[in-house]
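Per full-length UniProt numbering: the sequence shown = residues 1 to 504.
Do not take every clue at face value.
Claimed, not checked - Listed below are the simulated DSS-like cross-link pairs for lysine-lysine, each with C-alpha atoms no more than 27 Å apart in a straight line:
1) K43 with K16
2) K243 with K254
3) K424 with K389
4) K424 with K377
5) K16 with K184
Stated by the list, open to error - Beta-carbon label-pair distances, calculated as ranges:
6) H447 with G420: 51 to 57 Å
7) L250 with P503: 36 to 42 Å
8) V319 with P503: 42 to 48 Å
9) Q430 with A249: 44 to 50 Å
10) V178 with N40: 39 to 45 Å
11) G441 with K389: 27 to 33 Å
12) L233 with Q489: 56 to 62 Å
13) V26 with L176: 22 to 28 Å
14) Q430 with T289: 49 to 55 Å
15) S27 with L148: 17 to 23 Å
Hint data in this document are derived by calculation from the structure and do not stem from the laboratory.
Beta carbons are placed, not taken as given, at the ideal position from N, Cα and C, and that holds for glycine.
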Amino acid sequence: MAANSTSGFSLKLTGKLLVVITVILVSCQLLMSGFYWVTNAQKLQQAHQQHLQQLQITLGQTIAIDVWNFNPGSLEVLLKPYLNDEAIKAITVRDMQQNQLTLPRTAGNPAPATARSSQPLFLTIAGNNEQIGQLQIIDDITYIHQELRQNLQRQFTELLIMLVLLAIGLTFTLHLLVLRPLCKLHHALMEAIQNKTDTVQNPLLGLHDEFEEVAAGMVALSDRLSGDMQQILQSQTALMAAKEKTEQALQDLKQTQEALLQSEKQASLGALVSGVAHEVNTPLGIIITSVTCMHEQLHRIHKDMTAGKLTRQVLQDNVSSLLEAAQLITHNADRASQLVTNFKLLAKEQSTEAERSFDLSAYLTEVLQSLQPQLAKAHIELQMQLEPKITLVGMPGLFHQVLSTMVSNVIQHAYPRGEGGYCKVELYRQNQFLMLALSDGGQGIEHDQLKHVFDPFYTTQLGTGTSGLGLAIVHRIVRSNLCGQISVQSREQEGTRFEIQIPA
1 MAANSTSGFS LKLTGKLLVV ITVILVSCQL LMSGFYWVTN AQKLQQAHQQ HLQQLQITLG
61 QTIAIDVWNF NPGSLEVLLK PYLNDEAIKA ITVRDMQQNQ LTLPRTAGNP APATARSSQP
121 LFLTIAGNNE QIGQLQIIDD ITYIHQELRQ NLQRQFTELL IMLVLLAIGL TFTLHLLVLR
181 PLCKLHHALM EAIQNKTDTV QNPLLGLHDE FEEVAAGMVA LSDRLSGDMQ QILQSQTALM
241 AAKEKTEQAL QDLKQTQEAL LQSEKQASLG ALVSGVAHEV NTPLGIIITS VTCMHEQLHR
301 IHKDMTAGKL TRQVLQDNVS SLLEAAQLIT HNADRASQLV TNFKLLAKEQ STEAERSFDL
361 SAYLTEVLQS LQPQLAKAHI ELQMQLEPKI TLVGMPGLFH QVLSTMVSNV IQHAYPRGEG
421 GYCKVELYRQ NQFLMLALSD GGQGIEHDQL KHVFDPFYTT QLGTGTSGLG LAIVHRIVRS
481 NLCGQISVQS REQEGTRFEI QIPA
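Whole structure, please, built from the sequences with the hints as guidance.
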């Protein structure tokens, strides 16, 4: 068993060291080989070019007469010995009449269309150099790569031999100086674990090296761990008790949270019911009062008519009063109907309109043009900045309701009566969303009122005909029907900006 453990442990440690050393040596060898390849390749290339230049000069002098006469047989005899040069792949000779001779190194291996090295041929006639043709040498650098590869193979063979010798020496040294003491220490630890003893005996006494110091430290550590285990058991018992108390406190907190949430819901429902009752009671009270007055006037008319005392003047006065009462009833009944409609808008999603594809930019332009007279009457300038050709699939009526409500909010609340200002509407894309923004430069909203602007029945002009439901309905449509978000930013005397973000 000990031998198997030693063998397994030896493979792990020795293998890791060999891998590290191998990686380091191979990396160094690769760097050196790369440097060797680059530097020697440059030198060999330069020597290759010099050789070709010298060869061109020699050949130019040798074959000048035969090119001038263009004797292919003689040229082949003169050039063939040069094809044995491993730096030459093919030689092409051409005279001024476009006669050409190409000699490849091996049969069936024609020279490429473009030569690597070429120069004109000159012949000295009567003391003057006259161009008689052109010599092209197709070079071959394969021998350079072969020479470089042979040198690299020799270097890597030497490296492999060095690695084998290093592996043998490292394995023997590690087994003798490192692995044997570690195996003794491992055996002592396993024996202590199997016997479940509290401490470990030092198996390396008398070794007088670092391993003996490590073993002594492990013995001291085992003594300390024995004491720590006792403390851990005690702490575990205390933690279990604290856990039970924490779970009970969490349960109590959840119950308290649920109670607070229920209370908040009831308070919100109470505020909603109170607002509904207040808004509906006002027109109903006026209707009841008007109906009562009409009933009394009709009773007097009937009484005078029965007694024969009804005059034309009395009848006209009473009819006029009845018409005023009927007008009040009609007006307040319409107001009550509108309130009920707004309550429905606030209470449920708007899905009565069929969805269709439409150009949102063009549609909003039409809506704003229809609202232009109201803005002009309030001396408010309309500014539009709508990105064109934004197509959307949905219910256009929702955007009409949202935009008309927000513009009406600007007319009623942004500027004092008769002062006027501007109302800017923007539509643009932002990443994967459409942004619809409406801003003004009016008197703004106080900081403590910002959090209530979307609450139902919240208005700063109570009693002036506003119900405080407009922005609440807008909030409901944006969140529920358009699956978007709406936010407001405002500073006093600096204006207000509403931003609606919906998926594009």
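We went through each hint and held it up to the structure:
A hinted pair counts as satisfied when its Cα atoms are at most 27 Å apart, and K43 with K16 does not qualify at roughly 40 Å. Distance check on the hinted pair: K243 and K254 sit about 16 Å apart at the alpha-carbon level, within 27 Å; holds. Taking the CA atoms of K424 and K389, the gap is about 19 Å. The hint holds against a cut of 27 Å. For the hint pairing K424 with K377, the CA-to-CA distance comes to about 17 Å; that is within 27 Å, so the pair holds.
Of the pairs offered as hints, the one joining K16 and K184 holds, with about 21 Å between alpha carbons and a cut-off of 27 Å not exceeded. The beta-carbon spacing between H447 and G420, approximately 25 Å, falls outside the hinted interval of 51 to 57 Å. A hinted range of 36 to 42 Å for the beta carbons of L250 and P503 is consistent with their spacing of about 38 Å. Taken as a hint, the range 42 to 48 Å is violated for the pair V319 and P503, whose Cβ atoms sit roughly 59 Å apart.
Against the hinted window of 44 to 50 Å, the Cβ-Cβ separation of Q430 and A249 comes to about 45 Å, which satisfies the hint. V178 and N40 have their C-beta atoms about 42 Å apart, which keeps the hinted 39 to 45 Å range intact. About 29 Å separates the C-beta atoms of G441 and K389, a value consistent with the hinted range of 27 to 33 Å. Checking the proposed 56 to 62 Å range against L233 and Q489 shows it holds: the Cβ atoms sit about 59 Å from each other.
For the hinted restraint 22 to 28 Å between V26 and L176, the CB-CB distance of approximately 27 Å keeps it satisfied. For Q430 and T289, the Cβ-Cβ distance of about 53 Å falls inside the hinted range of 49 to 55 Å, so the restraint holds. For the hinted restraint 17 to 23 Å between S27 and L148, the CB-CB distance of approximately 20 Å keeps it satisfied.
Going down the numbered hints, you'll see the structure goes against 1, 6, 8, while the others check out.
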